[in-house]
Amino acid sequence: MIQFLLNEQIETIDSLAGDTTVLDYLRDNKGLCGTKEGCASGDCGACTVSLVELNNSNDGLSYRAINSCVTFLSTLNGKQLITVEHLSDKGKLHPVQQAMVEQHASQCGFCTPGFVMSLFSFYHQNKESNHQNIELALSGNLCRCTGYRPIIDAAKQSCQDPIDDKFISNQTKTIEKLQSLQDHQASLTGLYEPQSRQQLAQLLKQYPDARLFAGSTDIALEATQLNKNLACLIDLKAIPELNVLCVENDTLRIGASLPFEKIEQTLLTHFPDLSELLWRFASVPIRNQASLGGNVANASPIGDMPPVLLALQAIIVCDNGDNFRDVPVREFFTGYRTTVLKPDEWIKEIKIALPSQHQTLRAYKVSKRIEDDISAVCAVFNLTLNSHIIAALHTGFGGVAATPAMANALEEKLIGLDWRKASTMETGKSIIQSCFSPIDDVRASAEYRQMLLTNLWHRFWLETNASDNKIETRVTHYA
Amino acid sequence: MRKLVNPLDSNSEAKPVGVSKAHESACLHVTGEAQYVDDQNLPANSLYAAVGLSHCAKGSISKLDIDAVRGCSGVVDVITVDDIPGHIDIAPVFDGDPILANKKVVFHGQPIFAVLATSVRAARQAVLAAKIEIDADSPVLTTQDSHQAEEFVRPLHSMIQGNAEQVIQQSDKVINGAITIGGQEHVYLEGQVSIAIPQEQDRILIKTSSQHPSEVQKLVAEVLGIKLHRVVVDMRRMGGGFGGKETQAAQWACIAAVFAYRNRVPVKLRLPRLQDMTVTGKRHPFYNTFTVGIDKQGKINGSQIQINGDCGHSADLSDAIVDRAMFHADNGYHLGDTEIHGHRCRTNKVSHTAFRGFGGPQGMIVAEAIIEKIARAVAKDPLDVRKLNYYDDKDRNTTHYGMLVENNILPDLIERLEESSQYRQRKAQLIAFNKQSPIIKKGIALTPVKFGISFTAKHLNQAGALVHVYTDGSIQVNHGGTEMGQGLHTKIGQIAANEFGVSLDSIDVTSTRTDKVPNTSPTAASSGTDINGKAVQNACITIRKRLAEFYLAQLNLHHLSNSEVRFSDNQVAIGDQSIGFSELVQQAYFERISLSSTGFYKTPKIHYNRETAKGRPFFYFAYGASCSEVSIDTLTGECVVNRVDILHDVGTSLNPAIDIGQIEGGFIQGMGWLTNEDLVWDDHGKLISNNPATYKIPSIGDTPKIFNVDLYPHANPEDSIYHSKAVGEPPLMLAMSVWCAIKDAISSLHNYRLDPELVCPATPENILRACQLSAKKKEQ
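From first to last, the protein sequence lines are chains E and R. Following my numbering, the numbering of the first sequence begins with 41 at its first residue and continues without gaps. Following my numbering, the numbering of the second sequence begins with 374 at its first residue and continues without gaps.
Derived CB-CB ranges, DEER-like: (1) R:Val1053 - E:Tyr376: 16 to 24 Å; (2) R:Gln798 - E:Ser463: 35 to 43 Å; (3) R:Leu501 - E:Lys245: 29 to 37 Å; (4) R:Val1132 - E:Val284: 43 to 51 Å; (5) E:Tyr376 - R:Gln574: 56 to 64 Å; (6) E:Ala393 - R:Val1053: 34 to 42 Å; (7) E:Lys245 - R:Asp462: 55 to 63 Å; (8) E:Lys196 - R:Gln798: 27 to 35 Å; (9) E:Glu288 - R:Val1132: 49 to 57 Å; (10) R:Val1132 - E:Ala432: 39 to 47 Å; (11) E:Asn289 - R:Ser492: 49 to 57 Å; (12) E:Glu48 - R:Asp440: 45 to 53 Å.
In silico DSSO-like pairs for lysine-lysine, Cα to Cα no more than 30 Å straight-line: (13) E:Lys510 - R:Lys1151; (14) E:Lys132 - R:Lys388; (15) R:Lys1078 - E:Lys510; (16) E:Lys510 - E:Lys461; (17) E:Lys70 - E:Lys119; (18) E:Lys469 - R:Lys1151; (19) R:Lys1150 - E:Lys469; (20) E:Lys469 - R:Lys1149; (21) E:Lys132 - E:Lys119; (22) E:Lys391 - E:Lys302; (23) R:Lys1078 - R:Lys760; (24) E:Lys206 - E:Lys70; (25) E:Lys469 - R:Lys808; (26) E:Lys268 - R:Lys504; (27) R:Lys1059 - E:Lys268; (28) R:Lys1149 - E:Lys461.
Think of the hints as simulated: they come from the structure by calculation, not from any bench. Predicted model only: the values in this text are computed from it and were never measured. Cβ atoms here follow ideal geometry from the backbone N, Cα and C, with glycine treated the same way.
Excised from the complex, chain E in its bound form:
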């Protein structure tokens, strides 16, 4: 059984298949057809809904936009789901809706409910409504008609000085209702939500073919794109050990099931140079769900976080309910989408040593589209200098091999060289050229990937070399 608030009503689901998406539930079971299917893959945002949950201190609400097309029902458990039909108040449009009308921000209207829900979530996040935050809030919504300008203006108009809407007026009641739903464990036929490591271990014994997920943004595609039945799903979000986020002994510990949205600030506090990569990591609705653990466990060669973890020499903590074991991420990936994880194991957390003063980090991503696109090449360089002399270099790359990969030769052969010298950069260029044999695919040719490897290395040198750092090297700028 799954219990949640649909707008203000407590809803109970007990008879649907575990791999039903929230989108299909809304459209097919509730007749709420305002939420649209544009792609069923989390790429267009037409299905965006707002998920509201109690904050950590249980006295307030946090609003997140999510893609209902790649979300399974267990994610709703104990939360409030708000769809586009619920926004107007006694026939009066919500301020974000009103602004969309006044700014002529809808044309065909099919993407509009999704934009409205992203804006509605943003409206409730008390963030400054500057251009950058608006772009970010709407990064997961595609519009093919307007060119976005009027939508940006509608966001500015409605979110600059938000007035209390009915959801804020009803907040106390909503909090009470949500509190009443908290002690309930989600389950449907073929969908489980263990509350502890032990329960998870037990479930894995019982259902060895079960599929684990936290954000579901990737696994859901098997149902929606490949038309597979996912007969047994285990939702990892309720296990406390998979939700840690803290610094201990100069090590950052990140629970495997935490969504990016919850770890982003912490990561940026310690690694501010990741801002561009994190900004460009998928879209906000995806980041509101997708987890670091999922990004690692998928072992996709084109994920953007594994190269970062490789360059930072992170540790993957694997768990089977009885024992933990630390696996250096550099030994974690064994082949195309395979890892050292045993069938009864899962990732508990990821540990990253905090940087030293002498460390310089850069994470580069090149893709056809700047926002919300998969990298043609992702390159991360982590350089430790001892007064201009290279003391250590660690790297991580995506899109250049069957797994996330390091440039071992580059890491070894440059030790001891003077970073200020152009010859060091040139030596690195010639080494990196022979580190990988990338392939042609839909995102880039092998030749282009090879060029990017050397040119991103060149860029890294230009940006971090004290004598030359005045040169402009970027067409985009991220705060």
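Fit chain R to the given chain E structure using the hints.
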């Protein structure tokens, strides 16, 4: 006696046209109440269809075993081409598009069979159980291959004016070039979907997301083997069309109709996105070459242009699309003596189709490529070369197809934009910037648009309307155009309100239905408002005349002309007497005056003789110009559009907000086509950029931070509806300035003397490659 409701309040209101009224469905869009086809409530016995596709680009089907499909849970019916009761071919103009593959397959992803099941998932899963074997042939995948194999979907068409070859030979300089132009996937946010609902006897009702309900009606009737009058197509709104639902919507309606007919149940067929992108045609890729002869200043004396459209496996609309590319190969320039040959290349790809601009963009970019190349050759700013080659009102005033270019507003329009965008100052600043910036280079370009308005198939330039005035004074308007977000119904409502002098809320524009207005043209070629607006106006005029005559009779003013009766502010007035509109309507009803009328319109003046390749295919031209500035990264090829200024000609605007929406949206869509939207087929002819994760349309971050759009104040001198101009397609081509600005940035690497060979789309990879090609050329 019939009791009538009270008349509507007569609120005084300013003139309803020329003002920025909100889209008629805006409130429904933002609340989620707007219903699309997939949102319709269906009866409980409804069934769901899915299609099974070919996994080979070319070959003959040696085995088609669908027994396992029939055995899947939930499956009710399976059909192949042998189960079609009537016509198999559903091609729009020339044969070649079977509803399901007939013995042979001609592209990767071609539908071979269809399944009907109790749920969407059951239908889609059952599809996977089919066993299909195909004896594969090697596919033709490029225009070059098609030339080699002599495979064309239609014969060559040529447009010849004067003796280009001779003039070029005698010119001071000869410039050659070639340009590869990518196609474009429509990515309408609402995918293809149709519902077929059986009615009494053999009648059938179709709800579809289509730009061309009349063609869906015709094809459904033919496929079922019944007459057209048994089929009704109802189309309220599309979630985007862009040309992708002109011919491409019919197949799914036909398949749903066949199932509905066989099983006597309502059937819905909605394509999942990945299939939608695989099985529907796209903007044609082109490969075009040119040779021009110029004088020392860079003025074009003669041009030889070869246009090669990659049409895919069948003709679809390609004949007209390649023609339009040829008509537009001049953009806004006089090409001198001209020879244009347009090849319709057959390839084993999905049959490419209409997409906003309809071949025009792929022709116009040749003109811009020519100008750019001339500019580098004569060491001039490209804008100066553009100016040198405008049509003038003396001897360089006729297009290569013999049409006089009258009222050419481009020179003035460009001058204004040059001023407002500060093109010259910024160009100088960018040159200075580039000198001190080794990695990041900036570029700027100002390019024109001249786009011919009218269907080049003459018979399509007609429209019908049906207007009803009800006894409370409310008015229902129906017309042959379809609403896909472009604001057509909003403008039509404004026109009707203006004709009757009533407020906009008295008007309801209803869904497009083939039983209300028959034999309609597709909503395409930017013609929606032009032709349907006039037809609606004509219907309104008919009713208005009757009301005016009736009013004059009431007042015993028979000697006055009904044209002296004024309709405004919800009142009807003559001299100093007036009556409320709805009150007059009620009186007219009691006096048995007809309150309903059809309206009809056909575009005047147009003709084109294909034998001589001469005529006036366009009623008028729509103009515009844009100035774009970009930054490129010469290490990665990444590119950002920093600023865009647009000045565009919509004649007298019917609705400035909607027109600006079309301009901005068209520009960004065109920018996508020329930058990041990259269709990729593998060596086997399979489209691998087949979903939104691998095919990237512009996202919100791609909208330029500075984006100034203005309307050029100039009434259409032709008698178009209120002297407005069509706005659907022309703004897409404004994005050519982005492509030219990228070329400008690259050419800065070599002091603006080398013309970069920049493939469209200018993806980061293609930009980097163009930078490196320039570097290599420099070395040579």
